[in-house]
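> Per my numbering: the sequence shown ends with 174, consecutive numbering throughout.
Any given hint might turn out to be false.
[Said to hold, decoys possible] Subject to a maximum C-alpha distance of 20 Å in a straight line, what follows is the list of computed EDC-like cross-link-like pairs (lysine to aspartate or glutamate):
1. Lys167 - Glu146
2. Lys167 - Glu139
3. Lys53 - Glu43
4. Lys117 - Glu82
5. Lys117 - Glu146
6. Lys167 - Glu152
7. Lys53 - Glu4
8. Lys53 - Glu41
9. Lys166 - Glu152
10. Lys13 - Glu57
11. Lys158 - Asp114
12. Lys53 - Asp40
13. Lys13 - Glu82
14. Lys53 - Asp24
Just so you know, these hints were derived from the structure itself, not from any lab.
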Amino acid sequence: MSLETEIREWDQKSVAAITEIHADHAADPDFIDRLLSLADETELGTGATWLIKHQLENRLAQLDQAQTLILIGLLPRLSGWEARLHCLQIFPFITLPREGGDLILHFVLDCSRDDNKFVRAWAYSGLHQLALAHPEYREQARVILETAQESERAASVKVRLRRALKKGFPGADA
Numbered sequence: 001m002s003l004e005t006e007i008r009e010w011d012q013k014s015v016a017a018i019t020e021i022h023a024d025h026a027a028d029p030d031f032i033d034r035l036l037s038l039a040d041e042t043e044l045g046t047g048a049t050w051l052i053k054h055q056l057e058n059r060l061a062q063l064d065q066a067q068t069l070i071l072i073g074l075l076p077r078l079s080g081w082e083a084r085l086h087c088l089q090i091f092p093f094i095t096l097p098r099e100g101g102d103l104i105l106h107f108v109l110d111c112s113r114d115d116n117k118f119v120r121a122w123a124y125s126g127l128h129q130l131a132l133a134h135p136e137y138r139e140q141a142r143v144i145l146e147t148a149q150e151s152e153r154a155a156s157v158k159v160r161l162r163r164a165l166k167k168g169f170p171g172a173d174a
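The whole structure should be built from the sequences, with the hints applied where relevant.
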């Protein structure tokens, strides 16, 4: 069965099933490229982004610069909260490119207003990571994180905010 068909037939809940899909296709030399292509399809985005995240978290693959830029280009088109969450969870495993900085900023700010508390929590982590990678975002990130720390109600989000603010921005003058 094709990768696309297997993701399409996945119930979007079973970790065992998506892990089996991974086992069936991970050896394909173009696996990541195919996943990036499938992630752009609304009904396949959750599965494709989960598989990319799985590859990176388990150090089974790395995204090269071109693949990273493709992933960043997908961000504004991701509609499902799970796919958005997976991409936010991928950020620690990639180098956030300067040329994608504004797209990333808009994405994390949009995600910081999501109804899902996990998406919001990871959005603030993503904002912090962007600011660490690119100093031009540091002051804006600091203000947003401090403001959110005062207004956010969800405990899981507050923990992420506290961690980011505690880490600060090493190498920053302020």
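> Give a verdict on every hint.
Comparing the hints with the structure gives:
no. : hint            : verdict
1   : Lys167 - Glu146 : holds, 13 Å
2   : Lys167 - Glu139 : holds, 14 Å
3   : Lys53 - Glu43   : holds, 17 Å
4   : Lys117 - Glu82  : holds, 12 Å
5   : Lys117 - Glu146 : holds, 17 Å
6   : Lys167 - Glu152 : holds, 19 Å
7   : Lys53 - Glu4    : holds, 17 Å
8   : Lys53 - Glu41   : holds, 17 Å
9   : Lys166 - Glu152 : holds, 17 Å
10  : Lys13 - Glu57   : holds, 19 Å
11  : Lys158 - Asp114 : holds, 15 Å
12  : Lys53 - Asp40   : holds, 15 Å
13  : Lys13 - Glu82   : holds, 11 Å
14  : Lys53 - Asp24   : holds, 16 Å
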